[in-house]
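Colleague: Chain residues, written in single-letter form:
Number of protein chains: 2
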Amino acid sequence: MRRVAIIGIGMTEFGELWDQSFRDMGIRAGFEALNDAKVTSEQIDALYVGNMSAGRFIEQEHVGALIADYAGFAKNNTPSTRVEAGGASGALAIRDAFLSIASGLHDIVVVGGAEKMTDVSDEEVNAIQSSAADQEWETIFGATYPSLFALMAARHMHEYGTTREMLSSIASKNHKHGSLNPKAQFRREIKPEDVIRSPMISNPLRMLDCAPISDGAAAVVLCPLDIASKFTDNPVEILTTAMASDSLALNQRKSITEMAATKVAVKKAFDRTGLKSSDIDVAEVHDNFTITELMAIEDLGFAPKGQGGKFTMDGNTLVGGQIPINTSGGLKARGDPIGATGVAQVIEIVQQLRGKADKRQVSDAKIGLTHNVGGTGSTVIVHLLGVPK
Amino acid sequence: MRRVAIIGIGMTEFGELWDQSFRDMGIRAGFEALNDAKVTSEQIDALYVGNMSAGRFIEQEHVGALIADYAGFAKNNTPSTRVEAGGASGALAIRDAFLSIASGLHDIVVVGGAEKMTDVSDEEVNAIQSSAADQEWETIFGATYPSLFALMAARHMHEYGTTREMLSSIASKNHKHGSLNPKAQFRREIKPEDVIRSPMISNPLRMLDCAPISDGAAAVVLCPLDIASKFTDNPVEILTTAMASDSLALNQRKSITEMAATKVAVKKAFDRTGLKSSDIDVAEVHDNFTITELMAIEDLGFAPKGQGGKFTMDGNTLVGGQIPINTSGGLKARGDPIGATGVAQVIEIVQQLRGKADKRQVSDAKIGLTHNVGGTGSTVIVHLLGVPK
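As you go down the protein sequences, you meet chains A and B in turn.
Start counting the first sequence at 11; every next residue gets the next number (the numbering used here).
Start counting the second sequence at 11; every next residue gets the next number (the numbering used here).
Please note: incorrect hints may appear among the correct ones.
Claimed, not checked - Subject to a maximum C-alpha distance of 20 Å in a straight line, what follows is the list of computed EDC-like cross-link-like pairs (lysine to aspartate or glutamate):
| hint | chain 1 | residue 1 | chain 2 | residue 2 |
| --- | --- | --- | --- | --- |
| 1 | B | K193 | B | E26 |
| 2 | A | K240 | A | D368 |
| 3 | A | K48 | A | D243 |
| 4 | B | K277 | A | D55 |
| 5 | B | K273 | A | E52 |
| 6 | B | K273 | A | D55 |
| 7 | A | K85 | B | E268 |
| 8 | B | K277 | A | D117 |
What the hints assert, rightly or not - Partial chain B-side listing against chain A, Cβ under 7 Å, derived:
| hint | residue |
| --- | --- |
| 9 | R66 |
| 10 | A84 |
| 11 | T88 |
| 12 | S90 |
| 13 | R92 |
| 14 | G96 |
| 15 | Q145 |
| 16 | T154 |
Calculated from the structure, these hints are not laboratory results.
No residue lacks a Cβ here, since even glycine has one placed at the ideal position from N, Cα and C.
With the rest of the complex left out, here is chain A (with noise of 0.2 Å):
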């Protein structure tokens, strides 16, 4: 396999963005990825695109052909792949075009993810974000992606001794990493108390441990590791790409107090590179529920089980912590537009290993990980990036 970097970013704010389509945002992340690297979308042999349901949310399938489309590589006839795994559209794009190179059939290829969330209705993007999880057991029954996660929540709380302010202190975090950077939908900072105060959602879980509803793109840019010095003084290298499935409805788990797929994908991408949990610098990690971070920090081995509550309230996920976990505010605080929101991850482990991440930089960051979830962890993938030896 070729080694492969990522040579360029860019990223629309993420938010309630009324004034920009679909079309508006893939283009603007689009051209600030391809202006990063200082590419012409001539140079462009592919285009990968993350998207969970543009079909329900704007009524337009084949947006890879779209944005293909409209970012203007039509004209080329520049191929365009759509991939969906839920709320890991996003790694699976970056998964996706990263093998298109290390095969060698293609050199430059621009990966995009992007979800415009806003133009329905709140009971709609309840009834798309369920539609991850399974339809004719879970969803049809009146559960919703929340009360699936609440059941997580109140379980892990059982088993563990997981507390209320220990989920608090999760959302917390991301808020104080989020008003940090100047992309994140929420830049504000929040208490513990805050979150105790928000109204109910699901049992234990509040509006305030649940990440926003969205809009946004991102974008990055890979070719070979070996011509990358051509475009750039700091290419990121794409170490591995780890992915795993389980189960889709939550009641064939033999566990809901981890994410199976998670120890298993992690496992593999530790396996394939020889680096372990405490190699890792800084990560990004899906927190689409404050559990669900809460569950990756002791699932990718950064803490034992049942304590990644109390290595949260003692301060290691925060920047200048043992290992700072979504220095970018995470879905919480940056924003969950679904499809764009691996590729943002991967932005976010690229300007910090770069050393670009301003206010929020981990000092001397070489190694990075990013961890994106699909439904309630039917699907997750990790990645591995670093600066290249």
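Chain B: place on chain A using the hints.
Modeller: For chain B alone, coordinates are given in the frame of chain A:
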């Protein structure tokens, strides 16, 4: 790049499968392919799933994880990737799986394509099919999928003197082939006069110019060519995969009597392999409408521009003719469950190259081509397959 072979095939019958769910169909096709390849689910490194719009047809996104789960792969945490490119989703899944093996990441991979179209109303099917065209610039103004292809047909008639009888001969020929295929949705012959007597859909296209609405699933098993002989005596090699895009909306094209993406994709495929049109022994081309096959015959180089109709009337595309096309019955007679179609095309070519196509066998077939279209030609994927040397 490692060379890649197909070692197993499986598919459901195509049709209105009222008694089978999306899950049922996916499982049946997948198990048939695993049995054909004589592999077990434990040996599978990854799944790739082609599906256009389960989000709208059955209100379920994340169908990669769904298929992995219900086919029994979730217990091994096997990664599963869903891809989408409108009508070309099936071929895209094969392309992605091919690259994952060519890169060296995976060894044995299952590709599945599936669509469950008959659980929603005809009006909804029409809206969903049209969502592969341009929602903002075509369908919102009332254009439907058939009406866009009708524009192409009318213009082709105007520019090249293509006649009603020529279009009818394509439908009639595909039904003749379909009558020989036990898994085809329509296994009866129709006369060209039957097409002319069928109800008008969008002038000049009549009902029997259109592929039906179908349920169905199809699957293939891939592995590196160098280990294929462990599993089968008759592997079929995927010689190359080539893909191209074009504008999403028809009004942005220089010509609507050809598909530029077909021409670009097939040129790539021929350039990479050193093959040419006259080397192809059998082809499955996209015939969602009769005009689509007619243009494909020309754009793939089987007949000069403007001569596709006459070429068909002269019998060149029948089994026994110069270049048998759609020996399976094509989308028209075998059926068109969108995400399954590109996989079913490849299965037909595998059967031909294995010499197992029974009454529709093309004698001494060694090289085959598949041509799968998304939208009105905004995505085209061409695969070349061959008996390995």
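Colleague: Would you mind marking each hint as holding or not holding in the structure?
Modeller: Results for each hint:
1. B:K193 <-> B:E26: Measuring from Cα to Cα gives roughly 12 Å; hence the hint holds.
2. A:K240 <-> A:D368: violated (25 Å)
3. A:K48 <-> A:D243: Satisfied, since the Cα-Cα distance of roughly 12 Å is no more than 20 Å.
4. B:K277 <-> A:D55: Holds. K277 (chain B) to D55 (chain A) sits at ~15 Å (cutoff 20 Å).
5. B:K273 <-> A:E52: Cα-Cα ~18 Å, so holds.
6. B:K273 <-> A:D55: holds (17 Å)
7. A:K85 <-> B:E268: Since the Cα atoms of K85 (chain A) and E268 (chain B) sit roughly 15 Å apart, the hinted pair holds (cutoff 20 Å).
8. B:K277 <-> A:D117: Between K277 (chain B) and D117 (chain A) the Cα gap is close to 19 Å, so the pair holds against 20 Å.
9. R66: holds (5 Å)
10. A84: holds (5 Å)
11. T88: This hint holds: T88 (chain B) lies near chain A, its Cβ roughly 6 Å from the closest one there, short of 7 Å.
12. S90: holds (5 Å)
13. R92: holds (5 Å)
14. G96: Holds, about 4 Å.
15. Q145: holds (4 Å)
16. T154: Hint violated; T154 (chain B) Cβ to chain A Cβ min 14 Å, cut 7 Å.
Violated hints, in rising order: 2 and 16; the structure is consistent with all others.
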